[in-house]
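Asker: Quick note, the sequences are listed as chains H and C, same order. The first sequence lines up with residues 0 to 439 when you count with numbering that gives the first Met the number 0. The second sequence lines up with residues 0 to 439 when you count with numbering that gives the first Met the number 0.
Careful: at least some of the hints might be erroneous.
Copies of one chain are not kept apart here, so a pair can be met inside one copy or by any two copies together.
To be verified - No more than 30 Å apart at the CA atoms, straight line, and that leaves these computed lysine-lysine pairs for DSS-like: (1) Lys136 - Lys221; (2) Lys136 - Lys177; (3) Lys294 - Lys221; (4) Lys259 - Lys294; (5) Lys259 - Lys177; (6) Lys413 - Lys221; (7) Lys294 - Lys168; (8) Lys259 - Lys168; (9) Lys168 - Lys45; (10) Lys221 - Lys432; (11) Lys221 - Lys259.
These are computed hints drawn from the structure, not numbers from a lab.
The chain contents come next:
There are 2 protein chains.
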Amino acid sequence: MSNPKEIHARWLYTGSAGAEVLEHQTLCIDEVGRISAIVDSADAPKNRDAEQVHLDNHLLMPGLINCHGHSAMTLLRGYADDLALMPWLQDHIWPTEGRWVDADFVTDGVNLAMAEMIKTGTTTFSDQYFFPDATAKAASEAGMRCQINFPVINVPTQWAQTPNEYISKGLQVRERYKNSALISVIFGPHAPYSLDEPTLQRIRTLSHELDMGVQMHVQETKTEVLHAVELTGERPITTLDRLGLLDPSMQCVHMTSLSKDDIARVARSGAHVIHCPSSNMKLASGACPVHSLLKAGINVALGTDGAASNNGLNLFAEARLAALLAKLTTEDPAALPAEQALYMATLGGARALGLDHETGSLETGKWADCIAINFDSAAMQPVYNPLSQAVYAGHGAHVEASWIAGRLVLKNGKLTTLDETAVLQRAVQWRDKIASQDLN
Amino acid sequence: MSNPKEIHARWLYTGSAGAEVLEHQTLCIDEVGRISAIVDSADAPKNRDAEQVHLDNHLLMPGLINCHGHSAMTLLRGYADDLALMPWLQDHIWPTEGRWVDADFVTDGVNLAMAEMIKTGTTTFSDQYFFPDATAKAASEAGMRCQINFPVINVPTQWAQTPNEYISKGLQVRERYKNSALISVIFGPHAPYSLDEPTLQRIRTLSHELDMGVQMHVQETKTEVLHAVELTGERPITTLDRLGLLDPSMQCVHMTSLSKDDIARVARSGAHVIHCPSSNMKLASGACPVHSLLKAGINVALGTDGAASNNGLNLFAEARLAALLAKLTTEDPAALPAEQALYMATLGGARALGLDHETGSLETGKWADCIAINFDSAAMQPVYNPLSQAVYAGHGAHVEASWIAGRLVLKNGKLTTLDETAVLQRAVQWRDKIASQDLN
Chain H
0 MSNPKEIHAR
10 WLYTGSAGAE
20 VLEHQTLCID
30 EVGRISAIVD
40 SADAPKNRDA
50 EQVHLDNHLL
60 MPGLINCHGH
70 SAMTLLRGYA
80 DDLALMPWLQ
90 DHIWPTEGRW
100 VDADFVTDGV
110 NLAMAEMIKT
120 GTTTFSDQYF
130 FPDATAKAAS
140 EAGMRCQINF
150 PVINVPTQWA
160 QTPNEYISKG
170 LQVRERYKNS
180 ALISVIFGPH
190 APYSLDEPTL
200 QRIRTLSHEL
210 DMGVQMHVQE
220 TKTEVLHAVE
230 LTGERPITTL
240 DRLGLLDPSM
250 QCVHMTSLSK
260 DDIARVARSG
270 AHVIHCPSSN
280 MKLASGACPV
290 HSLLKAGINV
300 ALGTDGAASN
310 NGLNLFAEAR
320 LAALLAKLTT
330 EDPAALPAEQ
340 ALYMATLGGA
350 RALGLDHETG
360 SLETGKWADC
370 IAINFDSAAM
380 QPVYNPLSQA
390 VYAGHGAHVE
400 ASWIAGRLVL
410 KNGKLTTLDE
420 TAVLQRAVQW
430 RDKIASQDLN
Chain C
0 MSNPKEIHAR
10 WLYTGSAGAE
20 VLEHQTLCID
30 EVGRISAIVD
40 SADAPKNRDA
50 EQVHLDNHLL
60 MPGLINCHGH
70 SAMTLLRGYA
80 DDLALMPWLQ
90 DHIWPTEGRW
100 VDADFVTDGV
110 NLAMAEMIKT
120 GTTTFSDQYF
130 FPDATAKAAS
140 EAGMRCQINF
150 PVINVPTQWA
160 QTPNEYISKG
170 LQVRERYKNS
180 ALISVIFGPH
190 APYSLDEPTL
200 QRIRTLSHEL
210 DMGVQMHVQE
220 TKTEVLHAVE
230 LTGERPITTL
240 DRLGLLDPSM
250 QCVHMTSLSK
260 DDIARVARSG
270 AHVIHCPSSN
280 MKLASGACPV
290 HSLLKAGINV
300 ALGTDGAASN
310 NGLNLFAEAR
320 LAALLAKLTT
330 EDPAALPAEQ
340 ALYMATLGGA
350 RALGLDHETG
360 SLETGKWADC
370 IAINFDSAAM
380 QPVYNPLSQA
390 VYAGHGAHVE
400 ASWIAGRLVL
410 KNGKLTTLDE
420 TAVLQRAVQW
430 RDKIASQDLN
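Let the hints inform the model, and build the full structure from the sequences given.
Answerer: Shown next, in the form of structure tokens:
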């Protein structure tokens, strides 16, 4: 519980389908942290108990939703760049993870990731990584909305040994946070190629029984699809469809290499696609055909992926890149306009995570998850269209304030729930440890 | 003349070919603004008359060189987005320019552009726009290094009526700034399709006689090439080659649609290519085959293009996008590593503009054009590799200080030679005028 708030904004964008930017609006937030009204500022209630916030040269809009990532890997930002996928994974990322990843690594990495995400406009993040209990705890303490998709993989790690142990530990995290307003927990089976069919079937059964979502890396590269066809005679999307996993609770991440039949199957199923343009480009995985997916009626959301393959968690940068990439690949400059890229980064993201009744747009009754972008700087002027400015010009650098469930987590560009100095110190310590391993 | 300076940096990158990041270095700047030495900080001269600058958690590196733009168009940032090229130009940009562009528009637009460029790490910019005298004056007053490529086009505008008038007015600007340490002036014939052969021949003759460079939009789109072949039987590169314009003084901008023969001709000629990935993607023009150009030994530099098609002037964003785009188009994650993208944004840019004896790298005798990137924030930690951090993670948002010819133009993130508040006010005034035209 906190004070109610009245936020008076020069521009307000609710992010609901078909919404336009409104001028001089007031967003009212109740004691619980939910939106109680949006009204013309001239008609604002001016509740004496409400904290008054004035955003004279700002756009107030829904906080961004980063639908795919591995937050703790932020500690490996820039650790091994410009390498081919397999040497990158086998010679650098996996051995380093094997040596260093534990609950402390995850806590420190997630705090660093949240600091960056909050400062660049994200209010909800999805996370797939080991020790998800540490991630959930860190997010809960920082007051950030988080959907855990706990990993399930056919490889033993420090966190769990067998798929069954991954599942049972993951479900324990879900149980622990079942009453949390901020944390939701779903399945994160790693990929069709890293799990056997019985495990996938078990996940399908449990997800239906427990009404849980599923997030999975699917068809990230052409090579992955070719290998699957060689091994099984099926494309991975066909396998998921046959196993009953392709439905509205499924979040398919990456999806760069898609046939017409793949797209038709996903469209029929109601599954969601999570597009990670920076990661796909940086690892040369390919380009998700977002335009064709949207035309087929598929909901597409955005993710940064981990900082080791991006190298940041700036979802505004992903929205810009998604728009530019769609224009390039379709040879149509009108493809994926700024509004649509923002939708993918907000309400489209909430729909993918199954959280659109709670967040993703500014509507009465939803949580007040919102950000204020300051236009008072050279890179952001003049303002003909605040939305295209936010997407194409801002690079996430002008987010001045952020509220999650009505709680101010970023004030004048400074974090209020995380101690950034301490977070950075921990990052430097990890860097020193990890870099020293390379010298031995 | 100003005080000599000694800048002590945690990391220093000279940007010379093959350079590596050095730790704890001191850059010494003399009274004129040139680099007098680079030494280990332990051996720094500690000249009592020298201003001492300590950059404890920063990378000191060459300032970026934005090799293509139309700075004044920053006043049209976001004015007409997500449109096809011809409606964008014919229904929006050209009529608006026709109505509003004068020397005041250019002065105010260039000041806004420089404010953004300095804050995102650019110290030298190239500019092609009407009223280049206003651009040169504004750059000179702000202390920014600028290469004017004055426009020549077969279309009458407020600035000049005929190609000959464009040329004679442009040469007057050159004469006026011939002793300037900051301003250089070259030819900016708009494009092969917008000029007749006698004018191109005259420019070639004059550029040889006066030892002046030439910058031109060349083969920006597939359509442009097809039209040229239909009309003339030749590809534009062939025409330029036949006319003797393809030589080391030529800067070919965009170059998305290239045949093997085009690449071979450019390689043989020693001409430079200026790659503008954001603009090419946003306008769906195509992708410049940077990797093939580099393999052929062609020098490739980077440009933002105008803010109306980008929508910013952030060259770090271009360097990142150039790297990602090269990886995507070659299907090779090792293509265009961070160091090479930075080279294109610094020394490669200086070479393209013919200014590599003066700027582009930190070397004794060159002008002290350098920037300091602060790593003390969540998005920039931990630091395994300062260069890949600057390219992939920074988005140009962490430039804290900038010196041009030894003069501090950005201090703690604040402009020292431009009044940002006044610059923004002028931008708002132009926006109000221009937006009101749409209502009439």
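Asker: All the hints need checking, so say for each whether the structure fits it.
Answerer: Now the hints, each set against the structure:
no.: 1; hint: Lys136 - Lys221; result: neither (37 Å within a copy, 53 Å between copies)
no.: 2; hint: Lys136 - Lys177; result: within (13 Å within a copy, 64 Å between copies)
no.: 3; hint: Lys294 - Lys221; result: both (22 Å within a copy, 26 Å between copies)
no.: 4; hint: Lys259 - Lys294; result: within (12 Å within a copy, 36 Å between copies)
no.: 5; hint: Lys259 - Lys177; result: neither (39 Å within a copy, 61 Å between copies)
no.: 6; hint: Lys413 - Lys221; result: neither (42 Å within a copy, 47 Å between copies)
no.: 7; hint: Lys294 - Lys168; result: neither (39 Å within a copy, 51 Å between copies)
no.: 8; hint: Lys259 - Lys168; result: neither (38 Å within a copy, 57 Å between copies)
no.: 9; hint: Lys168 - Lys45; result: neither (48 Å within a copy, 60 Å between copies)
no.: 10; hint: Lys221 - Lys432; result: neither (36 Å within a copy, 51 Å between copies)
no.: 11; hint: Lys221 - Lys259; result: both (14 Å within a copy, 27 Å between copies)
In this structure, the hints that do not hold are numbers 1, 5, 6, 7, 8, 9 and 10, in rising order.
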